[in-house]
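S.K.: Listed below, chain by chain, are the residues.
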Amino acid sequence: MARISVQTEDFDVAGEIARLTAGRTDIGGIGCFIGIVRDDKSASQDHAIRALTLEHYPAMTSRAVGRITDEAERRWGLLGCTVIHRVGRMLPGENIVLVLTAAAHRQSALDATAFLIDWLKTKAPFWKREESPDGDATWVEAREADTEAAARWSSSDPDEMT
Amino acid sequence: MAATISVLYFAWLRERMGCSEETVAPPSSVTTVAELIAWLAERDAAHAAAFKNRKSVRCAVNQEFADLATVLRDGDEVAFFPPVTGG
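Residue numbers (the numbering used here), protein chains in the order written: chain W, 925 to 1086; chain U, 36 to 122.
Warning: the hint list may mix true and false statements.
Covered by chain W, per the in silico footprint, the following chain U stretches (three or more residues, Cβ under 8 Å) [as the list claims (entries may be wrong)]:
#1 42–53
#2 64–70
When the alpha-carbon atoms are kept at most 30 Å apart in a straight line, the in silico BS3-like pairs for lysine-lysine are as follows [stated by the list, open to error]:
#3 W/LYS1047 x U/LYS87
#4 W/LYS1047 x U/LYS90
#5 W/LYS1047 x W/LYS965
The following residues of chain U were derived to be distant from chain W, with all beta-carbon distances above 12 Å [unchecked claim]:
#6 GLU77
#7 PHE86
#8 ALA95
#9 ASN97
#10 PHE100
#11 ALA104
#12 VAL119
#13 GLY122
Hints listed in this document are in silico derivations from the structure and should not be mistaken for laboratory results.
C-beta atoms are modelled at their ideal positions from N, C-alpha and C, and glycine is treated no differently.
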């Protein structure tokens, strides 16, 4: 059963890993991905964004994320899994999302981590809005590359992937 | 359909609509998500603006991702939003 949280506050990575492994000796590895608000500096200005605001669909989010963690647990036989996604306004350098996977072996932990973040980007109801330094706000457009990254996991069974 | 539908809007659809939620009672000829969009878009300028770029509109029915052919029932919650950009 995955630990899923959608929250405004930051998360404690070390604390979350400790929570995932507490009292267990069957875990051989932890996969970890931390998404961070990136200030994409361009040639024309010092800072591309001042802040990022994450909106979501509260009644749907936890269930949609749960579908994704269920799929990861099923495909890779995970021993544990944590997804924490922040919402609200965040500044460059702040954490946005944490994905932790616990497995007996590294390949399952690493693959499941990549799968989880790829699917979170394309199959969970979150929307990003960027604030520019002069205060203009624009909604981030979905990227084709993210859709393609998610599509590589579309096979129902990892063993069937060619 | 002759039903009551809760409609939610997120991200730029919410901004163009000027509201995040409304309750509508479409005529019985409206039975699918596609028909609901066509009916909503005719209502006023705000709805027309929200649904202007329909290729960029995604939806969920009762908190599950749905498509244009999804059949609607009385009391359904239908959400409209752009392609998701989380993670």
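S.K.: Against each hint, give a clear statement of whether it holds in the structure.
M.R.: Each hint, compared with the structure:
| no. | hint | in the structure |
| --- | --- | --- |
| 1 | 42–53 | holds (count 4) |
| 2 | 64–70 | violated (count 0) |
| 3 | W/LYS1047 x U/LYS87 | 24 Å, holds |
| 4 | W/LYS1047 x U/LYS90 | 17 Å, holds |
| 5 | W/LYS1047 x W/LYS965 | 28 Å, holds |
| 6 | GLU77 | 25 Å, holds |
| 7 | PHE86 | 16 Å, holds |
| 8 | ALA95 | 6 Å, violated |
| 9 | ASN97 | 9 Å, violated |
| 10 | PHE100 | 8 Å, violated |
| 11 | ALA104 | 19 Å, holds |
| 12 | VAL119 | 6 Å, violated |
| 13 | GLY122 | 3 Å, violated |
Of the numbered hints listed earlier, those contradicted by the structure are 2, 8, 9, 10, 12 and 13.
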